[in-house]
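A.B. asks: For reference, the chains in residue letters:
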Amino acid sequence: MPEWLSPEYVKQLLADYQLTDADAEALAAAAASLTRTVAGFPYAELRQLEPPLRSVPPSP
Amino acid sequence: MSDELHWLSIAELAPLLERRELSPVELTRHYLERIQRLDGQLNSYQLVMAKAAQATARQAEEEIGRGGYRGRLHGVPIGLKDLFEVAGVACTMGSRILAECVPERDATVVTRLRDAGAVILGKQTMHEFAFGVTSENPHYGDVRNPWDTQRVAGGSSGGTGVAIAAGLCVAGLGSDTGGSIRIPASFCGIVGIKPTYGRVSRAGALPLSWSLDHVGPMARSVTDCALVLEAIAGPDPRDPSASSRNVPSYTSDLTGDVAGLRLGVPSEHFFELVEPGVVECVRAAIGVLESLGARLEEVPVPHAPHAQMAGTAIMASESATWHAEWLRTRPDEYGRDVLLRIRQGLLVRATEYLLAQQMRSLIQADFTAAFARGVQAIVAPTLPLVAPRIGKTFDKGGPFDLAPRGVITRTTVPANLAGLPAASVPCGFSDGLPVGLQVIGPAFDEATVLRVAHAYEQASDWRLRRPPLAG
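As given, the protein sequences belong to chains F and V, one line each in that order. Quick note on the working numbering: the first sequence kicks off at 1 and runs consecutively. Quick note on the working numbering: the second sequence kicks off at 1 and runs consecutively.
Don't read these hints as lab results, they were simulated from the structure. Hints may contain errors.
[To be verified] Reference listing, derived: stretches of chain V covered by chain F, where coverage requires no fewer than 3 residues with Cβ under 8 Å from a Cβ of chain F:
{"hint": "1", "segment": "302 to 315"}
{"hint": "2", "segment": "339 to 352"}
[Stated by the list, open to error] Derived, one-sided and incomplete: chain V residues facing chain F with beta-carbon distance under 7 Å:
{"hint": "3", "residue": "331"}
{"hint": "4", "residue": "355"}
{"hint": "5", "residue": "358"}
{"hint": "6", "residue": "359"}
{"hint": "7", "residue": "361"}
[Unchecked claim] Restraint ranges, calculated between C-beta atoms of paired labels, are given here:
{"hint": "8", "chain 1": "F", "residue 1": "53", "chain 2": "V", "residue 2": "391", "range": "34 to 42 Å"}
{"hint": "9", "chain 1": "V", "residue 1": "63", "chain 2": "F", "residue 2": "45", "range": "55 to 63 Å"}
{"hint": "10", "chain 1": "F", "residue 1": "48", "chain 2": "V", "residue 2": "37", "range": "55 to 63 Å"}
{"hint": "11", "chain 1": "F", "residue 1": "9", "chain 2": "V", "residue 2": "37", "range": "35 to 43 Å"}
{"hint": "12", "chain 1": "V", "residue 1": "105", "chain 2": "F", "residue 2": "45", "range": "27 to 35 Å"}
{"hint": "13", "chain 1": "F", "residue 1": "47", "chain 2": "V", "residue 2": "237", "range": "33 to 41 Å"}
{"hint": "14", "chain 1": "V", "residue 1": "50", "chain 2": "F", "residue 2": "42", "range": "49 to 57 Å"}
{"hint": "15", "chain 1": "F", "residue 1": "9", "chain 2": "V", "residue 2": "105", "range": "42 to 50 Å"}
Predicted model only: the values in this text are computed from it and were never measured. Idealized CB from N, CA, C, for every residue including glycine.
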C-alpha cells in the first residue's frame, strides 16, 4: 500500500471528518483498491485521446 | 373493472379517461386504497400525497368533463422517486439529513407531468442519497421486492420499481447514475429507460454525480415509458446540460417490427460473470428478436471492463463535493455503506478522477464504432444476476462467489459513462425472479431503443405475470 494511503495518514489528512480508526482503515483500503485499478487503465490509449477530455457525450 | 384497474397501462387508461368511462377520482382512490392495503409489506412509498392527489384527480375530472382533455397522462396516477422536488413537500433523498428539507418549487420534470395532467400519488423510497443499488435503507426501512419480499428491490430507484410492479402506481420517474433505473426495473420485472445524457432536464432532481446523473421513466410497458418520456423530455433553461434537440414522438415507431434491424451483441464483458439462468433468458430473448427478423452481429466493447471503476472514481468524487459540508458536520446521520462510499471521494486524486473521465471517451468510442458499422442497437443482460437477499448483498456467493453489491452495476454503468440511452425490458425468470434484457442505442435515439424493447415485449408474455404480493 502506498505510504500516503496508510490509515494513519488518511486520518491526519481528513482530520476534519471525525474518522474512527476503523473508518480510516476502510477508506485507506478502498482508496488503495481504486488506485490499483486506475493504474490498470490503458494509458497509451488515454494519451492518444483527442480531445483529451470530454466529460459528457458530444453535443448533437 | 376495479379489480383490474391497477394493471391497466397508460395506453389502456387514456381512452377510458378521455371518454369519461373512468373517473380520475375513482382511479386515484383505487390506487390510494391499494397503497394503504399493501405497501406496509413493501415500503415503496416514502410519503403518500393522498390529499393533493385527490385534489388533482378532481381537477382532472372537471377539466375532462368540460372538454379540456390534455392528453394521455391526464388523470393518470404516477409516483416519484424521493429526489425530485415537489413544492411544499419534503424531499429526503432517502436520507435523514434531508428529512426536513422542503423545496419551494417543483423539479422541471414534475412541472411537466403536472402540465400533462398526471396525478402525483407520492414520493417513493430509495437508496440513501441514490448512492447504492439495493434500496436497503437504514433510516426508512428496506424496500422489498414484490416477487419475494426477502429480496432487494434494486436501487437506487427501488420504491418506484416496486410500486409499479405491485400495481401501486401506473408509472414513475427514477434517476440513473450507474444503473438506478434499470436495476430496479430488472429486479422487479418492469420496464425502465435511462435516456441520453441531456435528453431530460435534471433541474430540481437532487444530484448524486453531476456528470453521470440521468432522469427517466419507469412503467409496466414500453409504450407507457415512451409516453412518459415524451412528456418530460426536452430543453430546459433551468438545466444547461439539457439538450435543445426537438423531442420526437417515441410512440409512433412502436410497431413491433424489427425486421432488418441490425442488433449488436457484445463480444466481451456483458456476458461474463453473469448467472447462467440470466444468460439463458437473455440469449432466448435475443433469439426471439432474431426470429422477428433482426440481424445479429457481435460487437467489441473492449473498454467496458474499466467502466465500473471509472464510474466509482467519478461518482465518489462528485458526490463528496456535494456532500462536503455534511461529511464534516453530520457524519453520524449517514448510513454506514453510503458514508464510506461518499467519503471515498475525499481520497480520489485529481489525476485519478481525470483519468476516469478520460476512460469515458474510450468507452464512448467503443459504442460509437459499433454504431458506425451499422449496428442500430446493442442487446445484452441488464444485470448479471437476479435480486439478491436483503441483508446479504455484501456477502460473497452465487456461481462466481462474488458479492452482489460488487457486480450489480458492471453491465449498466457503461451506458452511463457513454451517456447513451439504455432500457431494461423483462425477458423471463430465473429461480422465480425477474430477469431484464438491456437495449442500448446511439445518442438521442431513444426511439430505436424503445422500438426494439417493444418488439420483444409484444412477442413475449412476461408482462402479463403478476408478483404474488400484488393482491
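A.B. asks: Next step is simple, just say for each hint if it's right about the structure.
C.D. replies: So, going through the hints one by one against the coordinates:
1. 302 to 315: Our answer is that it holds, as 6 residues pass the Cβ test (under 8 Å) against chain F, meeting three.
2. 339 to 352: holds (count 8)
3. 331: 5 Å, holds
4. 355: Holds: closest Cβ of chain F sits about 6 Å from residue 355 of chain V, inside 7 Å.
5. 358: Holds, because the Cβ-Cβ distance from residue 358 of chain V to chain F comes to roughly 5 Å (cut-off 7 Å).
6. 359: 6 Å, holds
7. 361: 5 Å, holds
8. F:53 <-> V:391: 34 to 42 Å: 41 Å, holds
9. V:63 <-> F:45: 55 to 63 Å: 57 Å, holds
10. F:48 <-> V:37: 55 to 63 Å: Given a distance of about 60 Å, which is inside 55 to 63 Å, the answer is holds.
11. F:9 <-> V:37: 35 to 43 Å: Between residue 9 of chain F and residue 37 of chain V, where Cβ atoms are some 55 Å apart, the hint is violated.
12. V:105 <-> F:45: 27 to 35 Å: 44 Å, violated
13. F:47 <-> V:237: 33 to 41 Å: Cβ of residue 47 of chain F to Cβ of residue 237 of chain V: about 38 Å, so the range 33 to 41 Å holds.
14. V:50 <-> F:42: 49 to 57 Å: 54 Å, holds
15. F:9 <-> V:105: 42 to 50 Å: For residue 105 of chain V against residue 9 of chain F, whose Cβ atoms are near 44 Å apart, the range 42 to 50 Å holds.
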